[in-house]
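Please model the complete structure; the sequences and the hints are all you need to start from.
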Amino acid sequence: MNSVRNNLASTLTDQEVSEIEAEISHLPDRRSAAIDALKIVQKHRGWISDGSLSAIARLLGMSDEELDGIATFYTLIYRKPVGEKVILCCDSVSCWIMGGDKITNKIKSHLNVELGETTEDSKYTLLPVTCLGDCDHAPAMMVGDELHHDLTESNIEEILK
Amino acid sequence: MSETPLTRNIAPGKPPTDLAAYDANGGYQAVRDTIGKVDPDGVLDIIKDSNLRGRGGAGYPTGMKWSFVPKPRPDEGHRYLVANADEMEPGTFKDRLLMEFDPHQLIEGMILSSYTISADRGYIFIRDEYHTAIKRLNDAIKEAENKNYLGDRILGTDFSFHLHVHVSAGRYICGEETALLNSLEGKRANPRAKPPFPQVSGLWGRPTIVNNVETLCNIPHIVTHGADWYQSLGSGNDAGTKLYGASGRVKKPGCWELPIGTSIREILENHAGGMLDGYELKGLLPGGASTDFLVAEPLDLPMDYESIMQAGSRMGTGTMIILDDKTCPVGMIANLMKFFARESCGFCTPCREGLPWVKQILDGIEAGTGRLGDMDILERQSQFIGAISNTHCAHAPGAIEPLSSGLKYFHEDFIAHIENKTCPYTGGAT
Ligand SMILES: Cc1cc2nc3c(=O)[nH]c(=O)nc-3n(C[C@H](O)[C@H](O)[C@H](O)COP(=O)(O)O)c2cc1C
Ligand code: SF4
Ligand code: FES
Numbered sequence: 000m001n002s003v004r005n006n007l008a009s010t011l012t013d014q015e016v017s018e019i020e021a022e023i024s025h026l027p028d029r030r031s032a033a034i035d036a037l038k039i040v041q042k043h044r045g046w047i048s049d050g051s052l053s054a055i056a057r058l059l060g061m062s063d064e065e066l067d068g069i070a071t072f073y074t075l076i077y078r079k080p081v082g083e084k085v086i087l088c089c090d091s092v093s094c095w096i097m098g099g100d101k102i103t104n105k106i107k108s109h110l111n112v113e114l115g116e117t118t119e120d121s122k123y124t125l126l127p128v129t130c131l132g133d134c135d136h137a138p139a140m141m142v143g144d145e146l147h148h149d150l151t152e153s154n155i156e157e158i159l160k
Numbered sequence: 000m001s002e003t004p005l006t007r008n009i010a011p012g013k014p015p016t017d018l019a020a021y022d023a024n025g026g027y028q029a030v031r032d033t034i035g036k037v038d039p040d041g042v043l044d045i046i047k048d049s050n051l052r053g054r055g056g057a058g059y060p061t062g063m064k065w066s067f068v069p070k071p072r073p074d075e076g077h078r079y080l081v082a083n084a085d086e087m088e089p090g091t092f093k094d095r096l097l098m099e100f101d102p103h104q105l106i107e108g109m110i111l112s113s114y115t116i117s118a119d120r121g122y123i124f125i126r127d128e129y130h131t132a133i134k135r136l137n138d139a140i141k142e143a144e145n146k147n148y149l150g151d152r153i154l155g156t157d158f159s160f161h162l163h164v165h166v167s168a169g170r171y172i173c174g175e176e177t178a179l180l181n182s183l184e185g186k187r188a189n190p191r192a193k194p195p196f197p198q199v200s201g202l203w204g205r206p207t208i209v210n211n212v213e214t215l216c217n218i219p220h221i222v223t224h225g226a227d228w229y230q231s232l233g234s235g236n237d238a239g240t241k242l243y244g245a246s247g248r249v250k251k252p253g254c255w256e257l258p259i260g261t262s263i264r265e266i267l268e269n270h271a272g273g274m275l276d277g278y279e280l281k282g283l284l285p286g287g288a289s290t291d292f293l294v295a296e297p298l299d300l301p302m303d304y305e306s307i308m309q310a311g312s313r314m315g316t317g318t319m320i321i322l323d324d325k326t327c328p329v330g331m332i333a334n335l336m337k338f339f340a341r342e343s344c345g346f347c348t349p350c351r352e353g354l355p356w357v358k359q360i361l362d363g364i365e366a367g368t369g370r371l372g373d374m375d376i377l378e379r380q381s382q383f384i385g386a387i388s389n390t391h392c393a394h395a396p397g398a399i400e401p402l403s404s405g406l407k408y409f410h411e412d413f414i415a416h417i418e419n420k421t422c423p424y425t426g427g428a429t
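Protein chains in written order, with numbering that gives the first Met the number 0: chain F, 0 to 160; chain R, 0 to 429.
Source of the hints: derived by calculation from the structure; they are not laboratory data. Be careful, since some hints might not be right.
[To be verified] Subject to a maximum C-alpha distance of 20 Å in a straight line, what follows is the list of computed EDC-like cross-link-like pairs (lysine to aspartate or glutamate):
| # | chain 1 | residue 1 | chain 2 | residue 2 |
| --- | --- | --- | --- | --- |
| 1 | F | K84 | R | D127 |
| 2 | R | K251 | F | D149 |
| 3 | R | K281 | R | E268 |
| 4 | R | K186 | F | D49 |
| 5 | R | K186 | F | D28 |
| 6 | R | K186 | F | E20 |
[Stated by the list, open to error] Okay, the calculated bits of chain R under chain F, using three or more residues with CB under 8 Å as the criterion:
| # | region |
| --- | --- |
| 7 | 102-109 |
| 8 | 314-327 |
[Stated by the list, open to error] Here are a few chain R residues that sit away from chain F, every Cβ distance over 12 Å (derived from the structure):
| # | residue |
| --- | --- |
| 9 | Y27 |
| 10 | D127 |
| 11 | T131 |
| 12 | G225 |
| 13 | Q359 |
Please read these numbers as outputs of a predicted model, since none were measured by experiment. Cβ coordinates follow ideal geometry from the N, Cα and C atoms, glycine included.
Structure follows, in structure tokens:
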């Protein structure tokens, strides 16, 4: 896990700055890199704290408030801490038809969390997501970067062990 | 066997197509034969004559869309081509296949398209969850750059084109083309007012074309084989092939490239293997979540733009969502409205306030607490939210299509929920 101290730091690391500058280099102005910059910092720190947000805003020449308006618009920018892995559980129509609600309930009881919550050991955060484009293998979910599909109540435990 | 140009390098069990495999099957031949050799207007004429229509949902003729891009003027700034790879329409799973298993086909399509409209910069706007596609596209772009199919002065000509993958940060509305442009500019993804249309004032105010991934993947084949060949692939009024799909309780859910205009019956029975044993077909959404239900006898309809329109729906993305007789239509529509309400960008009132209201009423009916008067509210709201003139973009009118058609076709199901104060379906999703 990324340390809390690093996350609250209101300065960006050299690595973060150079990755953000690389994005800016192919854009007409600095603020156009806002979403890329948020994603870069989130990749290193897990989420975007107020301190991180300010630091990015300064680098891009924006106000904190304007950048926060962008950060909070997008579902995959996390303004609160998340677990080591985020579970994105598809709640769209084809998965619903194929019993997706049962799968979500199974995950909730297995991990003892509700949607939007993080497990006590900080391993997983459970979030709903729009159709993962895997509807012919519904129900589907992502665990971190990995796609899992053809889910059943019994293979959930294996995947999340 | 009919021709399947879009998936000719794709087969179950076959590894993703890298540059060597793509080249070996005639890949980038269209680029070598066209860039610097054929006048861009000549390419535009081929695309216009081919009758290719956009595969992103609205079916707008691609050649006509491109023809609105102004002629380049000396010393002006960049011009852009954007591939819409957001693919978040529930029930849609076609662009992912094309990008994961044949990324060079999209890249070649984008090189030829940008040459035609004189764009020098390109973006692939892709959703974050498509990790595999993102990786393969980035690898393929590097391969193409090394061969100078991309970059400065492509193959020694005056034409330069730089391509970049932009990974989105979530939200369905990013797929709406003007919202997508705002998002690429690093802003909130609220749709823009039109006019000005992106063709004249798009990304950073410059001429911009946004096309769906599948649309762009058609371009190399049309350029190579010509408009007549492309027209001959379709089996009705429309040209080319289409990636069709089916999900829900069918025996073999999947995605298949078929002549455009293939009948729903053939897709469902021959390719999807028919309904699972013990389930009957009750209705279907022909092209993703934001299309009207078709019921009763839609089976012999050809899946083309006009036929599905005449039957009261839209071909949309061509990926069908099947409703079976044991799944509750009210529950299904409630699920769809939950999605559309959540994904509203919040800019205009009918969409921001109307969709959550409708969702709440549907949840009530499904839970057995609905009243007969709710039906009038749903009817009135669907007309109000659905009128394109009332909202700033097509999100809300699209959202309401499955509701208004569902109210018509599944009226008895709604009434049964309200009168019996419970959901009569037990064997389905819930
Ligand atoms: C709410 C909304 C979401 C959309 N999402 C997508 C999408 O994910 N992919 C796509 O290609 N088109 C999407 N579209 C359609 C685009 O606005 C646009 O028409 C399309 O990308 C144009 O490409 P085409 O002419 O090649 O079809 C969406 C439209 C709306 C209103
Ligand atoms: S219709 Fe909905 S999504 Fe479209 S601009 Fe209005 S609020 Fe936003
Ligand atoms: S509806 Fe769940 S993956 Fe498409």
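Now the hints, each set against the structure:
no., hint, verdict
1, F:K84 - R:D127, "holds (15 Å)"
2, R:K251 - F:D149, "holds (13 Å)"
3, R:K281 - R:E268, "holds (15 Å)"
4, R:K186 - F:D49, "holds (19 Å)"
5, R:K186 - F:D28, "holds (12 Å)"
6, R:K186 - F:E20, "holds (18 Å)"
7, 102-109, "violated (count 0)"
8, 314-327, "holds (count 6)"
9, Y27, "holds (24 Å)"
10, D127, "violated (5 Å)"
11, T131, "violated (8 Å)"
12, G225, "holds (32 Å)"
13, Q359, "holds (17 Å)"
Violated hints, listed in ascending order, are 7, 10 and 11; each of the other numbered hints is respected by the structure.
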